[in-house]
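**Student:** One-letter residues, chain by chain:
There are 2 protein chains.
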Amino acid sequence: MGVLGALYFTPEELELELKWIDEHVGGKPYGVDVVMPAKYEGADLGDAEELVGKLQGMIPAEHRKFLEDLLQEHGVEPSTESASKVLLGWTDQTARPQVEIALKHPIALLASALGPPPADVAELAHQHGVKVGGLASNARHARKQVEAGVDIIIAQGTEAGGHTGDVSTMVLIPEVVDAVGEDTIVLAAGGIGRGRQMAAGLALGADGVWTGSIWLTVDEADTPERALPKLLAATSRDTVRSRAWTGKPARFLKTAWTEAWESEKSPGYLPMPMQFMLIADALPRIARSGDGELVTFPVGQIVGSMNQVKPAAQVVYDLIEEYVESIERLNTITEG
Amino acid sequence: MGVLGALYFTPEELELELKWIDEHVGGKPYGVDVVMPAKYEGADLGDAEELVGKLQGMIPAEHRKFLEDLLQEHGVEPSTESASKVLLGWTDQTARPQVEIALKHPIALLASALGPPPADVAELAHQHGVKVGGLASNARHARKQVEAGVDIIIAQGTEAGGHTGDVSTMVLIPEVVDAVGEDTIVLAAGGIGRGRQMAAGLALGADGVWTGSIWLTVDEADTPERALPKLLAATSRDTVRSRAWTGKPARFLKTAWTEAWESEKSPGYLPMPMQFMLIADALPRIARSGDGELVTFPVGQIVGSMNQVKPAAQVVYDLIEEYVESIERLNTITEG
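Sequence lines, in order, name chains X and H.
Plus 94 on top of the position in the first sequence (first one is 1) and you've got my numbering.
Plus 94 on top of the position in the second sequence (first one is 1) and you've got my numbering.
Keep in mind that the hints were calculated from the coordinates and are not lab data.
All the pointers check out, no bait thrown in.
If several chains are the same, the list does not tell them apart, and a pair holds so long as it fits within one copy or across any two.
The calculated lysine to any residue pairs, modelled on SDA-like cross-linking and capped at a C-alpha distance of 20 Å, are:
| # | residue 1 | residue 2 |
| --- | --- | --- |
| 1 | Lys122 | Val97 |
| 2 | Lys238 | Arg331 |
| 3 | Lys238 | Thr329 |
| 4 | Lys348 | Asp260 |
Take the sequences, apply the hints, and build the full model.
**Tutor:** Structural data, given as structure tokens:
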């Protein structure tokens, strides 16, 4: 089943997206993914609007200068607007309106990245008959999430794209499965984009798998034009876990952007959500101007297997076909 | 089958070890693992003895001072000997005598870490009817190793202990299997210590698995006394890939040692084999004196599952039992 990441949509945009999905999925189940981190700068700074203003004032001049110098060095066009009002859904304040909208639609799953959703949000979802999923990158967090009312743990290894921990999927899945017990559904995530990896995820004890990166290079994706050829060309060694986008460690294509923020000149990273507020204006400018070297995108190590654009349906068929082959081979070896 | 790491033995010690094995394995196959890196400082500096002298002179005073200050800070007893003559088997010059000794014994496998063995060494092994194995952390290296005469690729993910790359086992194995073709045997390594992980490795397309860390906490191991309780207590999050031991990235228990070399005060790492030459004297001193905080040990993320000392035979039985359970579960899910 598909899950829509709500993060990059305003409440109004999210409403439009979900309406479109409802009209096209023919009653099949789908989910929505929000980000409600338990810890971030400004959790106590009032509502979304107040928060944006206050956080903008907290971004050091040194960071703004480093960024503008970097952009200039790579020929990126100057900003034409005043400081961004962008905050995105990386706070409790901004994610709640997204949850309210999502629950007005017939969603089957509300997933939460960066920790479990607040207890009242989980309860609200349950009242709507919606299962709650939580991404976890270690066994202790997975246990805490189950205690907080999460029904489905998405155990995500370090090889995953986007926000990710440091334990690999191979090591993580058995640990999480054992930690949460048999009553909790566990999906394996991180490094899963082929049928053999799907089989491996289940062999590790998961009840299913969760994929992300592989949908960036399907026909139907709206992946940014300058990022797509980089994704297709990248090998599994061309990603890096970096704080240079959101302030928390997340896996991205390794480019001049991630390198610059790790260099000696770098002023270091700002905490979530300030790092993204700092760079939000720059991202569309990087996407359309300059030498292109700063273009990056969140993606997992599976990017090395994403070498051509295919219809989403083909990706599904390929997954299933290779999965079946893998199981048959396993049985041959084991009976051998 | 078991494989003995020759690295930490002098040629004379290795001869004794292999003699002991021959007397105890009742003709069963076993292997020897050497390190013959293609790139290291001093590859052109003459024989082993000349090399040691010259490299010792190349270690900067700043590094020696940083190390001695660090040891003093943690109450480690001062050195009573002159500068170490230790080089270990991390060079072509020192590994060749090990290969010569190994080939006089009825070994079934000569494995090489850090790149393929030189062509003449692979040929010599083949003349003795010995298969050659090579550890590889990416598909390109695996292909190069097969071209260099390697029969068995040990594809090792980043979660592994000791020298390791940055691609996870989940992503790496299908890439390597596809890159080397069906005629080359591939063993999955990195994060494999339980039956579910063995099943996952085979599901990914490997012909077998290669385990390392889990043998550190068996009854029969001679793991250093101060390292053992740390290994038993560690979680999968308590390791780090660090250059602080050999100069090349290798996964170790994260302790004050690895942290100090990453700190702002650190003078940085010396290239292989100089980093180890610098620290070789300190390691036995750390092992027997001081506050113990500097004690570390090469180990993979699977350390989180190594929570009690067991007989080696029990580890083998546990692996097989969980493997069979995993395959049965997979078939139930798939037929479901």
